[in-house]
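Student: Residue-level listing of the chains:
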Amino acid sequence: MTAEIFDRGYRQYDGPRSGVPGAMKTLVKHSLKRSLGLGRSARFKVIPVLVILFSFIPALVFLGIAALFPEEINNQFIPTYAEYFTYTIPITSLVLFSAFIAPDLLCTDRRSSMLGVYLASPLDRRSYLVSKAIAISIMLGIITVGPPLFLMIALVLEGSGPDTVGEFLTTGLRIIGSGIMMSAFYTAISFAVAAATDRAGTAIAAILGLLFGSGAIITIITETTQVDSNIRLLNFLNMPGQLGFRIHGEAGSLDWLQVSTSSMWLAFFGILLVSTLWIWSRYGPLLVRR
Amino acid sequence: MESLVIAEAVAKRYGSYTALSDVNFEIGPGITGLLGANGTGKTTLLGMMLGLHQITGGSLSVLGVDPYNEGHQIRARMGYAPEHHTLPGDVQASDFVKHVAELHGLPPREAKTRASDALWLVGLGEERFRPMGTMSTGQRQRVKLAQAIAHDPRLILLDEPTDGLDPEQRDEMLNLIRTVSSSFGISVILSSHLLDEVERVCDAAVIIGEGRTLAAGSLEGLRGSGSDVVLELETAEETSVVAAALTHSSISHSVNDRTIVVRGDDEQVFDVARDVCASAGVSLRRLSRRRLSLEDVYLERAS
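So the sequence lines, in the order shown, correspond to chains C and F. Letter by letter, the first sequence follows residues 1065 to 1354 of our numbering. Letter by letter, the second sequence follows residues 38 to 340 of our numbering.
Hints in this document: simulated from the structure, not taken from any laboratory. Heads up, some of the hints might be wrong.
[Unchecked claim] Quick partial rundown of chain F residues pointing at chain C, CB under 7 Å, derived from the structure:
id, residue
1, 87
2, 107
3, 109
The beta carbon of each residue, even a glycine, is placed where N, CA and C say it ideally should be.
Pulled out of the complex, with its shape left as it was, chain F reads as follows (with noise of 0.2 Å):
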């Protein structure tokens, strides 16, 4: 698989303030997550993606290359929709985007017709006209996403697409952005502080806390990483038996309610577990592997 941006032991640091330490990463086509608390870094490292600050500590490379030394070159495949809704009032939406895809190169006849094409993509063909001030924010979300698409780049960052969304067109979003991936092949980058959010829509998904990598990969992997192994019995009674019959095997676990967490990422986990249950005559409803959610990862990993 190709991979977009690679980062190695990043760090970036301001005089005494360390802003990142040790970030690593891989970054594939498709739409990535990426994760942290506010504060965390993520928007320091939206910008060294960009090449607008330059890396004080490992290797990263956006596109197959240095984005600070060949930044305007990475800037000009790319696309980058900031977090404010704050975009000028006064200005009409086609006219915006017209600009921006202008600033990425392309010539004032191809920038009219596709941002026009553009806006019409996220549901705004009939708005177009209309100056940005006078529409809600959700119109303002969509016209964001419209000028970080409408010059056709490879990569677009998109910094909380959702914010100020109600469910309803936080739902057409997270849409519009899987489509922008799997109908227009075009690679996202998801900065959220909303898990759910990128649950749902990423492939993939890195998290940052403390200024580090908490854990990276595809969100398959992720989900499957604690590998442990869950055992749900038919009535909560007889999880006390099995929970002693673990205990008696030194084999670690918890216990909640009828479900039994058994520790461990190695087959012969499955196996004792099963035995265990047979040899104490307990009904079993599921073995199955622990399948945690994109909470439970970031919960794990930043605690």
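With the rest of the complex left out, here is chain C (with noise of 0.2 Å):
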């Protein structure tokens, strides 16, 4: 028989203390574990599960299609790294968690207390925000990186991928460097978004609309209208994944070979410098709620 002390009174600490760093590890590890559900209820574990399995659909029917059909078939259904994106499985996917984890690990904080108790600990604005950022990053990591980079692994383990060491590793580098710059560009978006409005329900519903919104007004007005080509750099919806092209080193579509890839890599930069702003001036002046 075993006995168990339940109330053992109150005891001093002494010892180490982690400071900030430890904080902000402390909330990165936190806002992951929200994002995906885990000390939640079922309902909160159903749409990241579901988001991150539809994001691994075509890796695994491309990988069905190598491992089925010989090299000469293969070649004309399995797409390039860079494509992947184009499906309209993952690039849902992906629109679908920047739309939801966001609004979830921003709106709630300013709407609770939660803000006022991060903001009483080591973190200060700027170490919260980053910490977020870097948690929302990670997060959308696991779709943009995650399908490319496992399809590739799969595919020269089965005999059809890259055929060097070389090439492997170049070809690797460009998927977690094309998921990264993806990563960024949509947390910076839905982050923005976020800051805007403590109602999650709204910041979802902007981001939805702002992503498929920009894709749909631009596509209309470039195929309806002659204006210069570089509008397309407002197409939220494809600009990332075109700039994915060109870290991979392919052209991408035809409507964008006239978009060069230093503007893309502007627009790139340029939505991330505004966001951060736009971000920075929502959280700079806050009050600690009471």
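Dock the two chains into a complex; use the hints.
Tutor: Below, the structure is given as structure tokens:
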């Protein structure tokens, strides 16, 4: 028979304290767990698990094709790694994930008393925002890096992937670089929108509207008028994917050929900068909520 | 006595709006009430103590350092319980308290153990695995107290900790706060607009009004700060006789039923009051220094 002491009284703590880096690590870890629905009821686990699974579906299908058919046929069906995010399922998964994660992590803190609790810890506004951005980027990175990297490794094992160590490393770095770029882009967009409102539902609708809306509107404009081709840079749905082609050393879609790579990078960093300034303007003057 | 917080002519301005203009006080160990009506700058002051807002005038020291420049150090040794009850409803109380303890730098294992201990100490041992959304207001207030003390802070800031509680829960919460200070050795700054609450549980008080300090010091000192003398007579009829004698001697006073409050902070006032009663031939029931309630102090200083 064993005894368990429930009430040990109050004990002082004289051990080490991890300071700001420890607080940031804690917040990143906590935000990742929250995004994945860990420690929450089943309904919060459904969306992240389904979205992550969906994003891997094309990779599994292509892997199946590679395993079942000879290489001449494979080459007709299996896309390049850059083309992965031109398929509906992965890009939809990415947009949905972007739309749900940032509002859940940011709006909830502001709407509840959690932001006050965080700012009363060693974290300040800057370290809080950086921690949240890291958490959102990691979550989006699961989708932007995970499936193409999984596909490449699986194809190598199957015998259809890059043939040499050099090619393997180059392709791998391009997949990771492209994935980080896409993850950073969608983190910036969703973070900026979520910083504008305390209501998660409103933020989700606004992010979906901005991404799908910009895609639809810019497509209509470019197909019906003779405007400058650089207007495509405002197509937030497709721009990161097209920049991904350039990172992989490919030209990308035909209608994006007139848009230079440097313009794309300029637009990418511009959006990151504008988003950062906007987010800081929202959080900088924020008082401790009572 | 060691001072935990020292404010000297602290001012805070937002553009042309002045939130605080001349705040002076020293807060020592124990429980200190931060009193003031809504909108008087209490939350701004708490924010400055936490190092979240830079002061625009004067100087502020918390735990011996400048809170704005050394904010993260200060906040690691401070706890804070916000006023609102809207904590994440789907998170278990134990996970929440552990998370806050880890944020304050405790290793995960230690944070988990201390979170459990803190919840037991506030009376939520059996309820610690419940999501906070399913808890009553009283339980959520206890969770907020538990997260504020779990990392063993030197000082905790409690913002309206009895808000939304019924009288019984309020008594329990005030007793808990008293225990936190007296048994655990954690100093407490209790922000409240309820004077009787501060009077019951605090050792000292800082009263803020119109952006400045109206009064500050130990509760004993504040209550005695009126320094007037109270004469209580046997009958109401006798008061007119004594009042006339006091008027004749040009001594300021006020009459209320059988009591007369004689103005003055000099020991001689006692002698004068006694002699007036003796020469008028009236019987004295009580002759004592007037003790003010915190409400009296507040109203007197605010006016």
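Student: Does each hint fit the structure? Answer for all of them.
Tutor: Each hint tested on the structure:
no.	hint	verdict
1	87	5 Å, holds
2	107	11 Å, violated
3	109	4 Å, holds
Hint check: a violation occurs at hint 2 only; the rest are consistent with the structure.
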